[in-house]
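Now that you have both chains on their own, put them together as the hints suggest.
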Amino acid sequence: MLSPGSGNTVIKSKLISRRMFLITAAKAVVMVGLVGRLISLQINQATKYKSLSDKNRFREWKLAPERGAIKDYFNTEIASNEPLYQVHLVPENAKDLDNLFVRLKAILNISDKKVSFLKRVIKKQKPWEPVIVSENLKWSDFSRINLFLHELEGVEPIVSVARTYPDNSSAHILGYVSQISEKDLQTKEYLQDLAVPGMAIGKTGLERKLDEQIIGKRGYQRYEVNAYGKRIREIKIDEGQAGKEFKTTLDYEVQKFTSELLKDKAAAVCVMDIYNGDIVSLVSSPTFEPNQFVHGLEKKYWNSLIKNEKKPLANKALSGLYPPGSTIKTLVALSALENKIIRPLDTFRCKGKIELFGEKFHCWEKDGHGIVNLRKGIQRSCDVYFYEVARKLGVDRLSETAKRFGLGKKVLTDFIEERSGVVPNTKWKKKFIGQNWYLGETLHSGIGQGYFQSTPLQLCLMTAQIANGGFEIKPRIIFEGKNDDLRDYLKFKNENPNQPLPTDLLISNFNLKPLFKNQEHINLIKDAMFSSSNEPGGTSYRHRFENPKFTFAGKTGSSQVKRFTEEQREAEVKQESLPYKDRDHALFVAFAPYKEPQYAISVLVEHGGSGGKTAAPIAKRVIKKVLERHELRRNVNNLEGEPV
Amino acid sequence: MLQQRSIQSSYTFRDKILSIDYVLAISILVLGIISMFAMYSTDGGEFKYHTNSHILRFFVFFGMFFVISFIQIRFWHGSSYLIYSGIFLLLLAVKYFGLTSSGSKRWLDLYFMVLQPSELMKIGLILFLAKYYHRISIENINSFKHLILPITVLIGPIILVATQPDLGTAILIAAGGIVVAWLAGVRAKFFIYSGISMIALLPIAISFLKPYQKSRILTFLNPERDPLGAGYQIIQSKIAIGSGGLFGKGFLNGSQSYLDYLPEKHTDFIFTLFSEEFGFFGSLFILLLYALIIYRIIRIGNITRSNFGKLYCYSFATAFFIYVVVNMMMVLGLLPIVGSPLPIMSYGGSSMLAIMFGLGIAMSCKIYKDVPVN
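Those protein sequence lines, which keep their order, are chains A and B.
Per the numbering used here: the first sequence = residues 442 to 1085.
Per the numbering used here: the second sequence = residues 175 to 548.
Just chain B, with the same shape it has in the complex (with noise of 0.2 Å):
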């Protein structure tokens, strides 16, 4: 049966355009093509800068998408370290030849595009922990000396990334690597610990926090403290979504965002501006359409034959809930405004790059759902 197996791991073309999971693929296709209406909307129902890259950007991801998925799912597993290790150098060269914008230095020019590597990361470190916990033996997982490496290469890239500064992402960064311990089985009692050395660290955390770190965090906490400076953007978001009602105010008509009521409308607050103008209705359309592809991503672990791909395909659609739901509450006014993307939907190349990555590989552990990886 084994040999079997790898025989079939030789796949025709037919047989993966055959394999791939089509729900999947048309869900992403469908949410790619309402962003492109959304942003279609923020440039003003113009076809302008926003709209013309975003669509572009979504094609080419797409497509790239597919040709990840169909690169054989031993090949990612084998590279993993390997990509880690790239996009910790990436982010390394940030720290050094990264451009500067709005105070902080996230982002490496690389004259086609401006890359964000830390949106890379989000994906880098489950495909390594995934590996990780792949190989090592269940009876090791819990043993002090196999936690120092998850713990090195979860800690390296937090600490690169919270220092650009960017919280936001240094937290997604980590919930991501987080998820993937737990399922691998580390002890709950541990996670207990370190949460709780965590909170007795935080006086320390906050007394290294930004101004601006702080107020968003005290903005939070009550909106109306300052509602023309910090707490701006949470009062006018929920301005407009509340103002969309059941059916929203129509294409083209939100009027929070073409009178700039809405901040960061291309990116972090698109989901704003579509349920300003599409509604409670059209809300729950979108939030449906990301339950629908989490759920195929889950289903694509559930029948993934390694361990590898369920790690990583439980883990990857876990890391992709957490995005889209920080992101929708922060919008909500349920969370501070921590600077995260809405995954597909939101304005930027780096985001879209990750996540079809991440998109590529899971669809790939469905074609290849049948090989061992080693």
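Excised from the complex, chain A in its bound form (with noise of 0.2 Å):
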């Protein structure tokens, strides 16, 4: 209130004045760069933001699609899914722990040191996060829970579906599947995007080569969640999308019959429509249970798999390399007719042994079979004539016959266990091996020994090959609908007896390729295998069929797994009395009916000894089997829309 204080206060007002100016201006200043934060963050970044807190909000629980069905020929699912019924826990819903699994104990029969591993799981996650009781339930034990559930508070029954086989006589061919392992999801490029914890694949076979489009899409269960992880509420769901379903060319009863007839031996069947190449049977001895695969295999079933020296785990009818001894016979005969190199009635006479630089080369039959013509070369199965022959013939007129009709190389696609066999020449030899050809081993080619190696598989198609009348079949097992070239034009020579078609013809009107230069040189072929099966002397003239309608025409075979000592030779010792392990592989290929054909088949025993003893009257009683249903498996065609 004094006057000099009030002038004081003015110029103190001022100075105020003047420095809130300046804290003004810094004010605006700061504000304006705070708007253009907000600008940076919810105009330039919105999207980035918005797709971050859509991913804090959302999290995805992905559904394992239900897997594609396999059905046989006639429409039996030979792979199939079943209800799994397990029994999951909730830890936060249930009020009081140990009391829930006195209760669980009881319905359930789960043991102390189980329940003692779900407390431990439990103490380790999310309260909300279930754990897995029960994996793989009795029906009638899940129907007790859900009796029992209002008061099992945190009990969730869970119905969800897993792969499950008949039986396991298709075991191999189908394959089996397993929960997918960190290799499967770094090296199927398919599964990146598909893989649900927990979810099967397939491994081996048919479930493994067909397992992209078998295993269908995936489906997801969309929640929102907060911070904790605990959903709050579902906001979509997406069933997924069921695998494929797909039809085989198999028949479910001949596997079965088959499946049935190998046991206890180590053993392949394949069986082959000679006209359109489809797979009726491929059945491996002795066969595992596939349904144990799919829920994580016990530990003791798994050793004994894989201890078992008859390897139950290896598909012998693809991956077995066995030589293919005097099944392949019928195809050094056509290749020497075909090379012009002998004539049927040309003869050798065999004494049981020829020399050839000082080294002997036996027949089997020790005392020679005497002057000896092509039939009965193949009728008899004569060491001698084939030796002959093939010194004549040479390896790689040989060896093109044999990978003409099949042989050294892979049957089917996309089987990881195929293996494609070994058809050697001299060039084969000086790449793999380093060495020069010698005379001496075309002589053991010549009767399917040394380095050949060949599948069941392989020897079934030579044979469906030398069957259809000498025409290339591309086997299959996925039924995909009529495949009839080779019966259309069978049916139009039928019709028309004076005009049969030139060979260069078949190609372009019915899509054929001959494999022979002279068709009569095939039908040599099949008459002599008819003269080894049903007349006398024939090497498995004891399992002929009198009946037409059976008749087949074969050929044995035994491929030798260690090589016969002159000693040995000398004391004629018989297979049996050798060591399992040191028994030839016995072999069977048959084509029949003989007036018609239709399917040709492959037996292999392994250590069975002889092809004649062992292999044929397996064979016999499989090719019973199959002809019977054949009615029924052309009437199922016909359903299918395909004409006769």
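Bear in mind the hints are in silico, worked out from the structure with no lab data behind them.
Be aware that one or more of the hints could be misleading.
Stated by the list, open to error - Chain B stretches covered by chain A per the calculated footprint, using a threshold of three residues with CB under 8 Å from any CB of chain A:
{"id": "1", "stretch": "322-334"}
{"id": "2", "stretch": "363-372"}
{"id": "3", "stretch": "409-423"}
{"id": "4", "stretch": "452-458"}
{"id": "5", "stretch": "493-505"}
{"id": "6", "stretch": "531-545"}
It should be emphasised that the depicted structure is a prediction, and the values quoted were computed from it without experimental measurement.
Ideal placement from N, C-alpha and C gives every residue a C-beta, glycine not left out.
Structural data, given as structure tokens:
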């Protein structure tokens, strides 16, 4: 209130206002900065933050799709799905865990060990994450749980689906499914987007070959979750898409029959339609239980599988490599005829052995077959005859014919276990062994020993292509509709017997590729095979069918595992007296019925001794079964709209 | 003239009502109502504890704001030192009788409410210094003798609050005090020197920091350093604001907040929640509302006659601005998380009390703008 004070006050007030002006200016700048930051976050980067917010907000739980079924030719499901009953427990919903476990133990019969394991798991994870109490329950247990559900808070009965196989007759060709492994995720691209924890994928056989299509599309459940991961509500559910169904050319009845027949043997059987290449049956023995693989294998069972010397896990029909033995003689003869090396009636004398540069080459008949021509050579499976033929033919021409008939390369596609075998020739030996070819090896090749390696399926294909008159067929196991070019051609030929098509027109008119130069040669081989099975002295004469409906023409073979020593030969050691591991593999190939061939078959029995004794009787019974079902099979075809 | 005004100092009630700054009062009310909606949203769209007590507090303190503004500015000037001393005593009381929560001792239980005296100190210090600089003559402002008291009243509460520990509030209290000194005309040189010596002392100060405080600073510098730990709050807050976009996700639809991704959504991060639900335009509106309030307080400072009034209003407006800006910069990821509430919007009784008290005195400056204080 003093006047100097008043002057002082005015100066002070001016000073304050001046300084306030500076501050206000600074405030304006900061405000603009804040707005700029808001623009940057909410306008420029809004999309980025929106997606981050959604990532926070939603979490997806993947749902495993249902695997497509695999059916046989008659629409029987040979790989299907079954409901899988599981019991899950959400700890946060349970009031008293200890009490609950006591109740569960009484109802489900779970062990103390399992309970303490589950308690440990519960401690480790979040309280809303479910634990699996029982992975695979019986329906009776499951229904009991449902009955008591009202007093089991926190327990969730879950129904899911799992692969199931009616039996193990087709275990090898179907393969098995099992949990995805780390390696699967790395190597299989289609799983990148598909993998659902705990999902089973095909590991071998058809399950693996078809995996990508049969697996289906995965679904998902989208939940809104809070910051702690707890599911707040379900936003969306996508059931996914069940996998594609596949129909195969297999006949489940034949599979069962054959599998039963081969029980306890290490053996394989292939049956093929000789006109369209449909694989009717493909069985390897001993078999395994594919259902065991679906829910995690028991160690004991696994050990029993891998320790078994008969190798139950290997599909012997596709991946077993055996020297074709005498079954190759059909092709040796054919090759010689086609290359004009011999004429059918040219003869050689078999004295039981021949000598070449001091090395002895024995016939299986110690005393020899005497004068042998082509027909008798095949009928009696005379080794000396084929030594002579092979020597004249040479291995390169033989290998050319053998390859043409399907040896030395894979028969099917996309079976990882299938092997291609070996058809040796001079070039092959130079390349893979690094040595020149010896004439003696040609002789061994002439009777299907030495370097020759083939699978039972290849031998079946070879036989089928001889049986159908020498035309190439493409074996298939997935049925994709009619494939009757060859039948159409034969029908045409029967209706117009006087004007058979010239070979080059076969391809353009009927989409056929002949494997012969002169079809007469094929017929000679077929006739010789007939004599082998149906005329006295034939190697499988004892197992013939008199009934023309079932009459088959075949060729026996035994492939040496261990070389026979001179001493053993002198002592006339029988196969049966050798140790199991040293016995020959028994082989038999055939087609039937002889008059109107429909099917080809190959049978292999590991260490079975001679083909005529062990393999032929199996072939006989399978042929009968297959032919009995032939009408049925053709009729099913009719239903599919295929012309006969 | 002087006589006349001192006579006029006995205003009638009608005069007082008429001279209220309605723009300011309505802005505060609008902001208060918006804050109620925001609080309602944090409660997940229900009237729960936070919403109810926030609404109650707002109206009680809004009423108190008018009561304070109707009291003579001369009275507030006269009792400034007393108010400061009272709050200082409360701070001391906290040290001995305070409630401890999440490792820091900040609160006093007064039975009808839990008081955080450090919030009140924000206003108390400004009042004290405004009176102090009003009283000393301009020649003395920069004399060393007259700097001792301001520094003492500044350092005292800061040490008390910082050791609670509550670094954020301590810094905000200091900011208010420094602003008064600056406005009063303390030489820039002085601020620069103290700034330099502060920086020189920084390493020592850091050694006194609690580990969580160090971590906050490091995290601010690089939030992705520890996305699930200390950086979590900044990241989630940025996601919430950014995902709001231009128009926001809509009222009660802020997924970040109702799914609990937002930390402290009632208090420090209330702006984040609002911004997520109402987007850029909503945020801009809030920002403009705050700007308007600050402008109106500065305007009161312009028209009030007394230097005490000017010093107080300018300083309070600036401090208010700093509270708003620090909070917003924090939730926008421009400052470390220091724990400072957003005035009026944030849940918290003491903060609301302090702000309304401060606004009340500013409004008193408006009503008694022509009255000299001594």
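Outcome of the hint check:
With a threshold of 8 Å between beta carbons, the proposed coverage of the stretch 322-334 of chain B by chain A is violated, since 0 of its residues qualify and at least three are required. Note: the stretch 363-372 of chain B has 0 residues with beta-carbon separation from chain A under 8 Å; the three-residue rule is not met and the coverage is violated. Only residues whose C-beta sits within less than 8 Å of a C-beta in chain A count toward coverage, and the stretch 409-423 of chain B has 10 of them, enough to reach three; the restraint holds. Proximity of the stretch 452-458 of chain B to chain A, defined as three or more residues with a beta carbon under 8 Å from a beta carbon of that chain, is established by the 4 residues found.
As drawn, the stretch 493-505 of chain B meets chain A at 4 residues by the rule of a beta-carbon pair under 8 Å; at three or more, the given contact holds. Coverage of a stretch by a chain is defined here by at least three residues with a beta carbon nearer than 8 Å to that chain's beta carbons; for the stretch 531-545 of chain B and chain A the count is 0, and the condition is violated.
When held up to the earlier numbered hints, the structure conflicts with 1, 2 and 6 and fits the remainder.
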